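Assemble the whole structure, with the sequences as input and the hints as a guide.
First to last, the sequence lines map onto chains A and B.
Quick note on numbering: the first sequence equals residues 1 to 571 in the working numbering.
Quick note on numbering: the second sequence equals residues 1 to 586 in the working numbering.
Worth flagging that the hints you see were computed from the coordinates, not collected in a lab.
Some clues are possibly wrong.
According to the in silico footprint, chain A covers these stretches of chain B (three or more CB under 8 Å from chain A) [what the hints assert, rightly or not]:
1. 269-281
2. 365-375
3. 420-431
Beyond 10 Å from chain A on every Cβ pair, some chain B residues (computed) [claimed, not checked]:
4. GLY164
5. GLY479
6. ALA520
7. ALA523
Note that the structure is a prediction, hence the values are computed from the model and not measured.
Glycine included, each C-beta is placed from N, C-alpha and C at the ideal position.
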Amino acid sequence: MSAPGRPGASTTAIAWRIARNEPVAYLTALALWTGFHLAPIPIGLALKHALDSVVAGDGGGLGVALAAIAGFEVGRWALLVVAAVQWHGAWVGWLTVPRVNALESLATGGGPTAGRLPGSPGEAVSRFRDDANDIAMVLDGWLDVAGASITAAVGVAIMTSIDPIAGLSVSVPVALALLASWWLGPRLRAWRRAAREATARVTGFIGDSFGGVQAIKAAGAESAVHDRFRAINAQRATVARRDQLGGELVRSLGYGTGEVTVGIVLLLVASAFRRGELSVGDIGLFASYVTVIAGVPKWVARLSAYQRQADVSIDRIAELLVDTTDRAGIAAPVVTHLRHGPAPLVVDRALDDRLEELRVDGLAVRHRGADHGLDDVAFTVRRGELVVVTGPVGSGKSTLLRALLGLVPRESGTITWNGVPIEDPATVLVPPRVAYLPQVPRLFSEALAETVLLGLPDDDLDRALWLTCLDEDLGRMPDGTGTMIGPRGLRLSGGQVQRTAAARALVRRPELLVIDDLSSALDVETEARLWARVAESGFRTALIVSHRRQVLDRADRVVVLGERYGRSPCP
Amino acid sequence: MPRTPAPAARLLAATLRPERRSVTRILAVLVAAMALRLSMPVLLGVFVDDAVNGRSLDRLTQVAGLYIGAALAAEGLQLAVVWSSVKLSWRAGNRLREQLADHALRLDLGWHGRHSPGQLIERIDGDVEALCVFFANVVLEVLGNAILVVGMLAVAFAIDVRAGLVLLAVVVLGTTLLVRQRAAAVPAREAEREANAQLYGDLEERLGGLEDLRANGAGTYAVHRLHGHSARAWRTARYASLRGDGAYAISAIAFAAGSVSILALGFVLHRSDVVTVGAVVSLFRFSEMMRHPLERIAEQMKEFQKAFAGARRAATMLATESSIPDGAGVALPSGPLTVELDAVTFSYRPGTPVLRGIDLVLEPGRHVGVIGRTGSGKTTLGRLLLRFWDVDDGVVRVGGVDVREVPVQALRRRIAVVTQDVELFDASLRDNLTLFGTHVAADERLVAVLGDVGLAPWLATLPDGLDTHLAGSGSLSAGEGQLLAFARAFLADPDVVVLDEASSRLDPVTEARIGAATHALLAGRSALIIAHRLATLDEVDEIVVIDDGEIVERGPRAVLAADPSTRYSRLLRISTGGLLADEVVV
Numbered sequence: 001m002s003a004p005g006r007p008g009a010s011t012t013a014i015a016w017r018i019a020r021n022e023p024v025a026y027l028t029a030l031a032l033w034t035g036f037h038l039a040p041i042p043i044g045l046a047l048k049h050a051l052d053s054v055v056a057g058d059g060g061g062l063g064v065a066l067a068a069i070a071g072f073e074v075g076r077w078a079l080l081v082v083a084a085v086q087w088h089g090a091w092v093g094w095l096t097v098p099r100v101n102a103l104e105s106l107a108t109g110g111g112p113t114a115g116r117l118p119g120s121p122g123e124a125v126s127r128f129r130d131d132a133n134d135i136a137m138v139l140d141g142w143l144d145v146a147g148a149s150i151t152a153a154v155g156v157a158i159m160t161s162i163d164p165i166a167g168l169s170v171s172v173p174v175a176l177a178l179l180a181s182w183w184l185g186p187r188l189r190a191w192r193r194a195a196r197e198a199t200a201r202v203t204g205f206i207g208d209s210f211g212g213v214q215a216i217k218a219a220g221a222e223s224a225v226h227d228r229f230r231a232i233n234a235q236r237a238t239v240a241r242r243d244q245l246g247g248e249l250v251r252s253l254g255y256g257t258g259e260v261t262v263g264i265v266l267l268l269v270a271s272a273f274r275r276g277e278l279s280v281g282d283i284g285l286f287a288s289y290v291t292v293i294a295g296v297p298k299w300v301a302r303l304s305a306y307q308r309q310a311d312v313s314i315d316r317i318a319e320l321l322v323d324t325t326d327r328a329g330i331a332a333p334v335v336t337h338l339r340h341g342p343a344p345l346v347v348d349r350a351l352d353d354r355l356e357e358l359r360v361d362g363l364a365v366r367h368r369g370a371d372h373g374l375d376d377v378a379f380t381v382r383r384g385e386l387v388v389v390t391g392p393v394g395s396g397k398s399t400l401l402r403a404l405l406g407l408v409p410r411e412s413g414t415i416t417w418n419g420v421p422i423e424d425p426a427t428v429l430v431p432p433r434v435a436y437l438p439q440v441p442r443l444f445s446e447a448l449a450e451t452v453l454l455g456l457p458d459d460d461l462d463r464a465l466w467l468t469c470l471d472e473d474l475g476r477m478p479d480g481t482g483t484m485i486g487p488r489g490l491r492l493s494g495g496q497v498q499r500t501a502a503a504r505a506l507v508r509r510p511e512l513l514v515i516d517d518l519s520s521a522l523d524v525e526t527e528a529r530l531w532a533r534v535a536e537s538g539f540r541t542a543l544i545v546s547h548r549r550q551v552l553d554r555a556d557r558v559v560v561l562g563e564r565y566g567r568s569p570c571p
Numbered sequence: 001m002p003r004t005p006a007p008a009a010r011l012l013a014a015t016l017r018p019e020r021r022s023v024t025r026i027l028a029v030l031v032a033a034m035a036l037r038l039s040m041p042v043l044l045g046v047f048v049d050d051a052v053n054g055r056s057l058d059r060l061t062q063v064a065g066l067y068i069g070a071a072l073a074a075e076g077l078q079l080a081v082v083w084s085s086v087k088l089s090w091r092a093g094n095r096l097r098e099q100l101a102d103h104a105l106r107l108d109l110g111w112h113g114r115h116s117p118g119q120l121i122e123r124i125d126g127d128v129e130a131l132c133v134f135f136a137n138v139v140l141e142v143l144g145n146a147i148l149v150v151g152m153l154a155v156a157f158a159i160d161v162r163a164g165l166v167l168l169a170v171v172v173l174g175t176t177l178l179v180r181q182r183a184a185a186v187p188a189r190e191a192e193r194e195a196n197a198q199l200y201g202d203l204e205e206r207l208g209g210l211e212d213l214r215a216n217g218a219g220t221y222a223v224h225r226l227h228g229h230s231a232r233a234w235r236t237a238r239y240a241s242l243r244g245d246g247a248y249a250i251s252a253i254a255f256a257a258g259s260v261s262i263l264a265l266g267f268v269l270h271r272s273d274v275v276t277v278g279a280v281v282s283l284f285r286f287s288e289m290m291r292h293p294l295e296r297i298a299e300q301m302k303e304f305q306k307a308f309a310g311a312r313r314a315a316t317m318l319a320t321e322s323s324i325p326d327g328a329g330v331a332l333p334s335g336p337l338t339v340e341l342d343a344v345t346f347s348y349r350p351g352t353p354v355l356r357g358i359d360l361v362l363e364p365g366r367h368v369g370v371i372g373r374t375g376s377g378k379t380t381l382g383r384l385l386l387r388f389w390d391v392d393d394g395v396v397r398v399g400g401v402d403v404r405e406v407p408v409q410a411l412r413r414r415i416a417v418v419t420q421d422v423e424l425f426d427a428s429l430r431d432n433l434t435l436f437g438t439h440v441a442a443d444e445r446l447v448a449v450l451g452d453v454g455l456a457p458w459l460a461t462l463p464d465g466l467d468t469h470l471a472g473s474g475s476l477s478a479g480e481g482q483l484l485a486f487a488r489a490f491l492a493d494p495d496v497v498v499l500d501e502a503s504s505r506l507d508p509v510t511e512a513r514i515g516a517a518t519h520a521l522l523a524g525r526s527a528l529i530i531a532h533r534l535a536t537l538d539e540v541d542e543i544v545v546i547d548d549g550e551i552v553e554r555g556p557r558a559v560l561a562a563d564p565s566t567r568y569s570r571l572l573r574i575s576t577g578g579l580l581a582d583e584v585v586v
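If you want it as structure tokens, here you go:
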């Protein structure tokens, strides 16, 4: 029932789709774990013979039975190691499928980026971590339920063949346990949801606080942050405790059922045993099989609990997709590279429609549901032109660039590239057509070269570094372009961060360079030199936000945005 | 490589110490639950003997009924124990989380430069989570099963000394194997967690920079990295499993050998009429039950290994000392402060000084403008003043006191820095302004300050006013963010102000509009103003030009501006368009 792309596909269908991504791995795990679960069956039979030999004083029979027990035990545990190692690999595979789908959608899917993350990046990480885990738990649950059920069926059959009453008496408590877990289900789900949300608040707060550690330190706000952290920790503890108790109830249901059922079987077979129709070995076999059979509700309850959790988790990961209603999208087939790692990245930089003219007409943006934004903006950038956007704070300069690039949704307006309308600029206005330098660029904690190239070959690196005057800074860095720049480029100066981001855009050799306020972080001289070098390299077509005189003077065209406040049409 | 468990163990002990009383209470209930569990195999043996000896059906029914009753009661008590230990684990775990977060917050920025927020989420929450699971389960699974094992041994010895000895041998062997293998599995487990920490750390960063990635066509590269990290997780997880589960299997086999030995021994003892068949059944159940606690303990081993690895990292983090030791407690004089840099040399990395022999005096209430190329070390001045870093050589004095002698927080409360990077939090506007209540101010004051910096119209558009939730840095324009930073500085009411490119993201109109507010902020305060836009420096008393970490020019602003040969006047001319870029002499 896993119609691909169908909104509202069931949890089972989605989990199954993930399993099918690497069917051999899943079937191998299924076979190995079923084998492991089945081991108590032959061991129980051998035990029956062993106990009967003890009663009969038959030394030879005992020797055979004990040898069989020993053999099966060694085989069982050896099998476990193989199964566990294989399972750990398969497990990572199950986690990887929704992760890759979510990240692919976030980082390369169409449509605007704005609002793509429902919360902070730290909160989103909890979706990649905990929610992916929950879904994988369902796949894992199936392995155990399958193995345990097959084992239970065989066990019940053997018990029934010895004494029908014994076989039947097992089923009643097991059914009751399933009923109880069914009652628990909806509650468990609600508790789990609350616990997850509280966890996400905590991880979000940690990520956020350390992301802004400099502001916290500068203000001496450590204690205030501590107090706040304490408060959200306390809230989380309340809901998480309840959630854990729910999990324990399910576990107890399974284990308790086993022991109680042993008692019930004893009760019901007492007269047959007393009459000598059952041997001591039979009682021993019953006791050992009942424990295994009564384990089934535990596995089923565990699976159904995870299945309910996974239901929430699937929605949470699906919220990261382009089409947030397409639950099945998280399980789309993925080529994983777990065993050998991915092959080196090859970026396609071919371009067939070189920029002649980019035209924007009637562009309107309303963002954040607020009553301000951009109205009816129109401008043109032709090959070789420098177009500057300027205007007061909050007039929507950055918004204009981001709407053009499809990073925020536009309400209306057309964008054409050489006269061809562009529906989804987010996937079209990217390198090699357009490269972008945001006002507050985000660099990644890796080597300088890597954060500039982001997967491109390094043949253009030196040129880009020269253009942005970073060549002069390199000498002062310990490992040159291999220097680690720290999280978000924390080890670079503000201007270096900006110029690194400029290099990142230039190294992509875009037809059009879109720059949001390079001047703010650069001194006059450096900026002047940067522009001189860029001009010298023959590179010219650019759309730039700036209010620096020097830049405005060189512009071929200036787009002036008005003040937005006070322009609030309808309430 | 030899690894000492001492710091991790000490940390665990310290975290649990305040919980001694609850632990005692939990233990009492646990002992009762385990006694009930212990009674069940004995009852099974009695049942078998009674049947073999032809006792009445009523008697057999009674024994079976007792068995059921014991099973139910044991389950109830166990739930009670779980509830208490879960509560305990959250108390202790959250205490540790808070301790770690607090400690990490107080570590120096150099340390933070090496640890991404994503990694810290894993350290402060992920690792402690493993510890929490451990706290919640250790009592029940490890301690409870230990009690059970001791009880079973006692009963076995009571039945027959030889049987007791066999079981004891099994326990000793199993435990020895466990302990040996556990130590060997920790590094593998640690490598697995490290691989995961990297995976999540990288994800957190990429998710925080989605716009940059997408608009530069690097989304595929982010996915490529995820594949790389996943492959590493795959390798480390399988290896850790081989070590961990291998250990588990070996001890499980040891226990199976115990069951076989018990049956063989039971055969001999029964044939010589030393024990009944029921006793053999009880002993066999015990030997099987031995394996069950072992399985539980082994399952916990995984948690234990995780917890132990986590505790070790936590202990390491707590043992990390800030490279900025807190000052001894010399108080700063009240009122406007003198700032003095005396032959200051500083480098972020040894051998590449950012500042060299800087001498700079900022008299109380005076304003000094600092200009220089990017990377020339201007921003570092502010960082040294705030003691984000300590000088390599020379002294930084504030109010005549070496900053290293002043308590760090006291120092920072007196100095406000407005930088080009405004860090906003996923919290209410109020919390963003007061930094979670650090600056104590009534709402009226907050609104007034927002008005002063020109954010009143913006405030009016917010649905919930000061309670409006700002979803991190994405919810304001960069200019609005910077105005917010000005508002923060006002609320801090500092004696020294450092404006580091503070108005760089403001357009000239807005800048002029908050000019009055800036004026008010700077009035009567000492100020260091770092700027690219020279217009920002029109009102400073003195100008300092820094190049490549050294002061290359300094003097009263008016004097430098009037002299056409100075760098300052040349820069003035570039910025007003009087010079073309290619004429700039560097």
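Original post:
Among the hints numbered above, which are violated by the structure, and what are their numbers in rising order?
Top reply: Violated hint (a single one): 5; every other hint is consistent with the structure.
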